[in-house]
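Chemist: Sequence:
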Amino acid sequence: MPSCHCQWADCNGKVISKRLFDDHQRQDKRARINTALEATQQAIEKQNDVLESYVASLTLSDEATGCTTTPGGRLWARNPTEAAGPADDINQSFRLPTADALHTIHEVKGKIDTLVVAAKLPLQNVAKPLTPLDTFPLESLLRDALLLQDCLDSVSVNRECIREAKLPVAQSLTSILCQLRGAQTTWSRQVKLLSETQNRANSFDTGQHFSPILGNLNPVIQVSVFTMVAMQVIIHASRRGCHFLLAMLRYIVQLSLMQKNSSLAASEIQLLSDFPIDPDTAARKLHLNGHEIIHAVCPNSKCHKTYAPTFKGNSPLAIYPSHCHYKLFASGPECGTRLTRTQIVKDIEIEVPVKRFVSFSFKDFVANLTSRLGFEDLMDAFVESQDDVMRDLRDGQYLRREFKAPDGTPFYSNTRDARYIFSLCIDFFNPFMNKQAGKKVSIGIISVVCLSLPPSHRYRPENMFLVGVIPGPNEPPLTAINHYLTPIIDEFEEFWNPGVYFTRTSNHPDGRLIYCALVLVVCDLLAARKAAGFAACTHEHFCSVCHCTRSREGYGNTRQEAWKRRTDKDYREAADLFLNAETPDARSDEFNKSGVRWSELLRLSYFDLSRCVVVDSMHNLFLGLIKEHFKGILGIALPTSKERAIKVAFGPRPDNFSDNDLKGIDKVHAWLEAPVNVTFPNRAQGLKKLSGVNLNSLVFVCNELGCLPAQKTRYFKKDYVVEVLDWRLRQTEDGTGDASRKHGCVLEESDMTEIRSDLKTILTPSWLASVPLNLGNAAHGKLKADQWRALGTVHLPISLARLWSLHINQGQDGPRALRNHTILLVTMALVSAVILATSRTTSADNATAYRDYMLSYLEGIQHLFPEYKMRPNHHMAVHIYDYLLLFGPVHSWWTFPFERMIGAVQRMPHNSKIGEVEETIARAYTRSANLRSIVAKSGCPEVIRHSEAIFRKFTDPKARDTLQTDIQAFTSVFDSGNCAQEEHQVASSPLPEEVKLAFEIAQISVPSYVQLLSNLSLGGLTYSTYSKHQGNSCILLNQTQDGDIIPARIVHIIQFSTAGRINTYFGVRRHRPACLERDPLSSFLVLGAAIWDTELYDLELIRPVHVSSHFACLPITIHGRQLVAVLSLSRDYRGQASTHASLSLRHIRQLRLR
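In terms of the numbering used here, the sequence shown opens at residue 1434 and continues consecutively.
Hints were generated in silico from the structure; no laboratory data involved. Remember, predicted model here, so these are calculated numbers, not experimental data. Some hints here could point you the wrong way.
[Said to hold, decoys possible] Under the rule of at most 27 Å between Cα atoms (straight-line distance), these lysine-lysine pairs were calculated in the BS3-like manner:
| no. | residue 1 | residue 2 |
| --- | --- | --- |
| 1 | Lys2215 | Lys1873 |
| 2 | Lys2096 | Lys2122 |
| 3 | Lys1745 | Lys1779 |
Input sequences plus hints: build the corresponding full structure.
Modeler: Okay, structure coming up:
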């Protein structure tokens, strides 16, 4: 870089970039020109003074020698024939200069008034310079003001009247000049500051993201290559398959060209000859590979120190240290582990890392985002919420009020620079998907998401950045994970201060300064503890948010108003003490005092460790509390015979018994001690199970229990079986006689039979995650978070309400029924809390309601099951209230999108060799993401951009899960339209008579031709007719004036055109009210459930805009009447639940006091 000796910035030989050097040279040249102009003006003024003196001398000589008689002689000569007296001489010498001066002053005054008016608004709204080359926007006004000053200064007549007229004009001109010069000074200062900032900021060349893709190729070849690469990258077509695809595409093109004429033109022959043959060569033209850095990793399982490569000159060979020189303690020994090994490449020996970590450039990812058409507008846009509803991350308290940029202003983009926020996730997984026996391997991903994007774009695969894959086969221990965070933290530090100057973005072809900040870390509980340096959940200081300890408060303490919150200052002080400790024992002591280790996140000066490491709601609520409540407390997984319900003692076994007889005794002994609802759920199964035991074993058991059959002449096995079963059924478990008082044993086999029956009969839409019909059976395998969400907020609440609430309502109030009803109330408190926490929008009122419902649940569990041991998730769930207020709805800070990324990474093809798997799947995912983003690039060919709809249909996942329904719902909100037409053409159909009648009742003219559709996409969800899909036809209407939600069934979907406009109507039948004296489901406010009649009203027409959501429909019977339980499936709760939640908490606390 050149050294600068400019006078404009006074660089004094300072080494600066070439771009700034050229800028300084231009500024120096401009200054020299201005200096020359000023010198010229001074010379002209000096000559004017000389001329005025000379004219004055001529006037004096006339008075002495007389006037010349030669016409055209001296300047002021008079004609000798004119007679002029002394009075005329005086008037002419006074009157003419005075009049001219006054006229000039008057003209200048008018122009100054015009200038003041013209400058008023620009002076109030002077924009800031975007680049150091920008000129002062009021330069022309300042130039006009200076000209007016010169004109005013030219009035030099020294008369009293002239001075009086000139003074106010001069004052007005001086005022506007001061304002303009002040604005110019401010502008120059900002230009200099911007120049210094850009000089400090590292410049990143983004030109490659704007280069033409597949340029100078025939559009047919462009589409063919793009198709082949999409098959290769998205569905992992083999190289052989891609060869075949390219050859067949060329053959198809050739056949198409030869249809009109068997002899091809020269251009057509050229087209076929340009067709690519090698798929790899064709794929490289799309530039899908990311900018990667291969780090050497210390193979020591306790070290994991990473080393970035260095290069000598222009050599492409990376250079790494031969041994690890990392010191765990400043005064301790170096690790010393060998980092590299010798490898021969083309007869040349080179040193390559023994273990590698591939990280990708975050700058390149941001450059990719800002190079896409329209993305910069999406990331720059910020619409502040005008009400109390929080719809996204920026509506929360933290980003809306507290988080500031380095200059102290709110961290929002402006016309000059961009400011973007991001979240980071770390998670570990088995690349072999737990399907290979003995393959217990764990590798990890580090990923980043741009939170400045709207939710409709934020979690698409092409917009999620994979930093790298942490190599296996085991997770790095404790603080060793910091080494893998170093590359991304380095880049975030650079993006914060001084920022990174991109040479070009989509909206700023001349470049733009970009700031980026990491504001959230979103991980499951275990990964978050490791990444942030927090203690494990089993540590004394188990909580990362407050100072609660296991020995003092424990996991079950619910007096959250007394909890003392941690602060960022606490964390940083404790982490410094940990880092500065000189011995392992000293570090252990510091850690045990606070539960805090050092983390790379602390290098970010703005990162608040006490608030920006969130509690993930997906793991905490769905895989934590919901799963634990229904499985561990209520006991939907019935096979739990390991637990002993009663104690049975047998004497010594006879010596003459066979091995089968002894095994039979042990088997019956275990059955007798287990809960009866597990081993003998009903009499028929109990008799069948005991009949499989040898007779000798049964006789021994009967003798030991003292329950021998009545005396007979002959005994059969059945007699002993009946006696053993009857004896067990007479026993009392745990002295209560009621298994529902023990956690894990609440649900009986009869309850599970009813629940499974409901799972088969309930109607749900196709977008809701499917759940196993054999719930509770180990055969269905491990359930996912989406399945637990569907079970915990839809299926099980409505089934348990039918079992335990309707029975109470119908007078079945035995001891077990009453207790189960109390368990139901506590269960519904949990369900209500989960629904509120996971709503797509939230508010301070709903956050408070969530907290109260959660406290109601926790205190209710402690009251109903005193022996139950609370878990860390129960305590951390209370803190979700804090994060709802700080960061708004959870869709911005849960791990659903990162879990989907792991699923995509796991499906990438690899060779199953640890050490190579990590690099292979990381590169494959990056190529896939870059391919998906091509259609948004400015260099994308038109023919490929026009195929975007086809490409999206090919790449977008079709899974039924929370993330996809959220993206579709948010897309419908942010896009201009929310109705999608069906792609297939539907023939015009005659109107059924009931539809004609509905048109007449609605006073809509009956169209001549209509299309009867079977499906319609609305808000990203599919709505169907009842004959096509019953679950998709169940809708809630919000058409009433009082805001009531009414269930209805879609019978017809009707489309017709009037005056060139497509009209869409749903032909629906509303459910009739059940007219019950009391709806037992109405007490569960947040659940959104009610009982309606199965009978329907006549057909009516409604607009799709009046559809609120789908609903789940479960047939039930009350007092012999066939009714339906309706449960809203809206994922956006907008009600006011805080009062109801407060009453629920008060009720639970009153129960505990009894």
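Chemist: Going back to the hint list, which numbers does this structure go against?
Modeler: none
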